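Using the hints, put the two standalone chains together into the complex.
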Amino acid sequence: QKEVEQDPGPLSVPEGAIVSLNCTYSNSAFQYFMWYRQYSRKGPELLMYTYSSGNKEDGRFTAQVDKSSKYISLFIRDSQPSDSATYLCAMSGNTDKLIFGTGTRLQVFP
Amino acid sequence: GAVVSQHPSWVICKSGTSVKIECRSLDFQATTMFWYRQFPKQSLMLMATSNEGSKATYEQGVEKDKFLINHASLTLSTLTVTSAHPEDSSFYICSARREFGTSGGDSYNEQFFGPGTRLTVL
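Protein chains in written order, with my numbering: chain A, 12 to 121; chain B, 124 to 245.
The following block holds chain B by itself, in its conformation from the complex (with noise of 0.2 Å):
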């Protein structure tokens, strides 16, 4: 259990044109999603979390009007990468929380990843 698909695994693209990405939690509802990126060997840096009817929050320095998030569902985010150029190009990759309950008094939860997109900006 607990899997996560993104699709499409990889783009090319003009630079100008807008690129969507989906996440989907196949087995599990999952009320918020986490959108990282990752340049080459280097780690995994979150970009925004993905709230379930309510809107994206960011971290500094990501543009929310940029990089445009919608958690229309339990299972499925996007993410669409608008006006892409090509210091857009990485490897954009997602995340779904699922809550396992309690340890230690506190809830606790888990994230599991998808697959991630590799997107080129030509």
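Isolated chain A, as found in the complex (with noise of 0.2 Å):
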């Protein structure tokens, strides 16, 4: 079982659609969870970071974290085109190592 699982997609929503991603993980010892978008043939870019459990919003993105699910969520509100990437969570604990998903592929169509 790996560490981190993540469904890779595709997953294709119309302009506007609320989306949601998640990802599950076996290791308790996770505290930090973090959310990655990835453009084709780029680098990762962060997008929201959480300590523990809770949610967190910034503008249109919302990041849920269930530690006693083992369960982390991204929800993006009035998606548009633009939205169109991987998105990646990765996760650590008390050591700087980050354990990634596999990435979900979004394509928002307008």
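The set of hints was computed from the structure by calculation and includes no laboratory data. A quick note: this is a predicted structure, and the numbers were derived from the prediction, not measured. Don't be surprised by glycine CBs; every beta carbon is placed ideally from N, CA and C. Any given hint could be a false lead.
As the list claims (entries may be wrong) - Covered, in the sense of this in silico footprint (three residues per stretch, anywhere, with C-beta under 8 Å from a C-beta of chain B), are these stretches of chain A:
# : segment
1 : 47–61
2 : 106–113
Stated by the list, open to error - Dumping the calculated EDC-like pairs for lysine to aspartate or glutamate here, alpha-carbon to alpha-carbon at most 16 Å:
# : chain 1 : residue 1 : chain 2 : residue 2
3 : A       : K108      : B       : E222
4 : B       : K164      : A       : E16
5 : B       : K164      : A       : D18
6 : A       : K81       : A       : E14
7 : A       : K108      : B       : E233
8 : A       : K108      : B       : E182
Printed below as a string of structure tokens:
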């Protein structure tokens, strides 16, 4: 079993839809949870950073962490074609090492 | 702020040659940098952790003599792929760690990624 599981998609939604992206994990030591956006042939760009459980909102993006279920989510409201990219979840414990999910490819069509 | 650059952005080389990739933190100092490898439609796999002034720490299965890492200063780490072969063709991405302070009593940090280097070995 992988430490971090993420559905690779692709996920295709119409412009304006609410998008839900999820990851599950097995290591209860993870405390820091991140979502990155990666455009084709580019490096990942940090979108959201959450410590421990709870919700965090930034503009159209909301990150949720449920440590009891070992489940994290990223919601994108009013999705735009420019949101089309691969979204990677990542997490770490008390070390610097980030464990990434495989990424979910999102396509928002006009 | 928190910009990380990589050079070159892409490189094509012949089998058997060595290739050096540079990773720079442009507006902050990074005592720790990381090197990742990403194959098409796959996630990032950590290759090694680069610490300024000391030897890099390699992940299991990564040949340290093949992937030479030098963290010469607080803003520069280099990865040299020695005697490259076609199976080394991949997208290599670095990240630099910047400390943010504390949250919930623990110090935490954030990694900022470079734009990646696409290596093609013929």
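TODO: With a cut-off of 16 Å on the C-alpha distance, tell me whether A:K81 and A:E14 pass.
DONE: Given that 16 Å is the threshold and the Cα spacing comes to 11 Å, the pair holds.
Open item on the list: So if I understand the rule, the pair passes when the alpha-carbon distance is 16 Å or less; does A:K108 with B:E182 pass?
Closed with: With Cα atoms ~10 Å apart, A:K108 and B:E182 stay inside 16 Å; holds.
Open item on the list: Between the segment 106–113 of chain A and chain B, are there enough contacts, at least three residues with CB-CB distance under 8 Å, for the coverage claim to hold?
Closed with: holds (count 6)
- [ ] Quickly compare the C-alpha distance for A:K108 and B:E222 to 16 Å and report which way the hint goes.
- [x] holds, 14 Å
Open item on the list: Holds or violated: B:K164 and A:D18, Cα atoms, limit 16 Å.
Closed with: Holds, at roughly 12 Å.
- [ ] Verify the proposed pairing of A:K108 with B:E233, using a straight-line Cα cut of 16 Å.
- [x] Within the cut-off at roughly 11 Å; holds.
Open item on the list: Tell me if the straight-line CA distance from B:K164 to A:E16 falls inside 16 Å.
Closed with: Holds, at roughly 15 Å.
Open item on the list: Using C-beta distances, would you say chain B covers the segment 47–61 of chain A, given that this needs three or more residues below 8 Å?
Closed with: Check passed, 8 qualifying residues.
In summary, the structure agrees with every hint in the numbered list given earlier.
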